[in-house]
Amino acid sequence: KNEVEQSPQNLTAQEGEFITINCSYSVGISALHWLQQHPGGGIVSLFMLSSGKKKHGRLIATINIQEKHSSLHITASHPRDSAVYICAASGATNKLIFGTGTLLAVQP
Amino acid sequence: EAEVAQSPRYKITEKSQAVAFWCDPISGHATLYWYRQILGQGPELLVQFQDESVVDDSQLPKDRFSAERLKGVDSTLKIQPAELGDSAMYLCASSWGTSRFQETQYFGPGTRLLVL
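Quick note, the sequences are listed as chains A and B, same order.
The first sequence begins at 1 in the numbering used here and counts up by one.
The second sequence begins at 1001 in the numbering used here and counts up by one.
Rather than coming from a laboratory, the hints here were simulated on the basis of the structure.
If a hint is listed, it holds; no wrong ones were tucked in.
Below, a list of computed lysine-lysine pairs in the PhoX-like style, where the Cα atoms sit at most 25 Å apart:
1) Lys-1078(B) to Lys-1015(B)
2) Lys-1062(B) to Lys-95(A)
3) Lys-95(A) to Lys-1078(B)
4) Lys-68(A) to Lys-53(A)
5) Lys-68(A) to Lys-55(A)
6) Lys-1062(B) to Lys-1011(B)
7) Lys-1062(B) to Lys-1078(B)
8) Lys-1071(B) to Lys-95(A)
9) Lys-1015(B) to Lys-1062(B)
What follows is a set of in silico ranges between Cβ atoms, one per label pair, in the way DEER data are often shown:
10) Pro-1061(B) to Glu-17(A): 38 to 44 Å
11) His-78(A) to Arg-1064(B): 41 to 47 Å
12) Pro-1008(B) to Phe-18(A): 37 to 43 Å
13) Leu-1039(B) to Leu-49(A): 24 to 30 Å
Everything numeric in this text was worked out from a predicted model, so none of it was measured.
We put the CB at the ideal spot given by N, CA and C, even for glycine.
With the hints as extra help, turn the sequences into a complete structure.
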């Protein structure tokens, strides 16, 4: 069993839909990260959170420490949101333990 | 905006050959990370430096992989000899402070390695 698991693995949505990607972790963490990876490999950090909720534009990330669960929400999805979304847990040394990612395709 | 630089972007080599990847972190960043990402999987940490010192190399296959960050700035990751299973994306990342703090990591574009 992976220490960080995501669901779903693949997600197809229509433009404008509300999207949720889930992440569960089994390790003790100092922070939970959400990252975006576009075709070609580049990874961009979206959020780092250790409690509560963060919002940036149409993206919202939440975490429930007791349940060891985090969600990434995208409101009013757009084709340019199509990418792989990865959650990762970090511990005492800031080393990231990654999930396997969720491949999101938003169709116009 | 400052970025993490990596070169080469793509590398094709034959098994048993030596390959080297270079990473230049964002200026002033103390911590540098090398990750390996096999197709369809999430990245896995190979080695983490704080300045010129290794913080974590527990997943680095030391019989064939080596990494250095001699002056605490740029870094080189070497594989010798390369094996077919080394085909992957090699990602470099950096963060501002020491490894004791939770910080955002900034990733380079990666080096895609294909071993034939």
